[in-house]
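Start from the sequences, fold in the hints, and give me the full structure.
Under this note's numbering, the first residue of the sequence shown carries the number 5, and numbering increases by one thereafter.
It is worth saying that the hints were derived from the structure and are not from the lab.
Certain hints may be false.
To be verified - Below 27 angstroms or equal to it, Euclidean Cα-Cα: the simulated DSS-like pairs (lysine-lysine) are: (1) K56 x K41; (2) K69 x K7; (3) K9 x K56; (4) K56 x K11; (5) K9 x K63; (6) K9 x K69; (7) K7 x K53; (8) K63 x K41; (9) K53 x K69; (10) K69 x K11; (11) K9 x K71; (12) K9 x K53.
Unchecked claim - Cβ pair distances, simulated, as ranges: (13) E14 x K56: 15 to 21 angstroms; (14) V68 x K7: 17 to 23 angstroms; (15) Q54 x Q22: 15 to 21 angstroms; (16) Q70 x L31: 26 to 32 angstroms; (17) Q72 x G44: 18 to 24 angstroms; (18) G47 x N17: 32 to 38 angstroms; (19) S19 x G44: 35 to 41 angstroms.
Quick caveat, the model's predicted, so the values are computed rather than measured.
Ideal placement from N, C-alpha and C gives every residue a C-beta, glycine not left out.
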Amino acid sequence: MSKLKQKREEVRNLSVEQINEQIMGLLRDQFNLRMQKATGQLGQIHLLKQVKRDIARLKTELTVKQKQAGK
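Encoded structure:
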């Protein structure tokens with residue numbers, strides 16, 4: 005199984021509270037990475053893109069879970 009499929013399966017098994025906690029942690033990481041980029045300290049620019057996509061994945065799964073709970 006690829007890494008992406010493993011990540012998807014892990015996210016699907018999380019509760020809504022755990023997803024929210026992970027989103028908050030990633031938002032903090034994203035902020036710190038943006039500050040490092042602005043000050044010229046960030047050597048690995050690709051991390052910004054990875055964090056952004058991880059946040060999007062979590063938010064998508066959160067929306068799916070909320071819609072399922074509403075039915």
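Can you confirm whether the C-alpha distance between K56 and K11 stays at or below 27 angstroms?
holds (15 angstroms)
Range first: 17 to 23 angstroms. Now tell me if the beta carbons of V68 and K7 are that far apart.
holds (21 angstroms)
Range hint 26 to 32 angstroms: satisfied by the CB atoms of Q70 and L31?
violated (18 angstroms)
Check whether the Cα positions of K69 and K7 lie no farther apart than 27 angstroms.
holds (22 angstroms)
Does K53 pair with K69 here, judged by a C-alpha cut-off of 27 angstroms?
OK: K53 and K69 at ~25 angstroms, within 27 angstroms.
Are G47 and N17 spaced within 32 to 38 angstroms by their CB atoms?
holds (34 angstroms)
For a C-alpha distance cap of 27 angstroms, please report whether K9 and K71 respect it.
holds (22 angstroms)
Next pair to validate is K69 with K11; report whether the Cα-Cα distance is within 27 angstroms.
Holds, at about 16 angstroms.
Do S19 and G44 keep their Cβ atoms within the hinted range of 35 to 41 angstroms?
Roughly 39 angstroms apart at Cβ, these two residues keep to the hinted range, so it holds.
Does K53 lie within 27 angstroms of K9 when you go C-alpha to C-alpha?
Status holds; Cα separation ~18 angstroms.
Tell me if the beta carbons of E14 and K56 are separated by a distance inside 15 to 21 angstroms.
Taking Cβ atoms as reference, E14 and K56 lie about 18 angstroms apart, which means the hint holds.
Do the Cβ positions of Q72 and G44 conform to the proposed distance bound of 18 to 24 angstroms?
For G44 against Q72, whose Cβ atoms are near 44 angstroms apart, the range 18 to 24 angstroms is violated.
When held up to the earlier numbered hints, the structure conflicts with 16 and 17 and fits the remainder.
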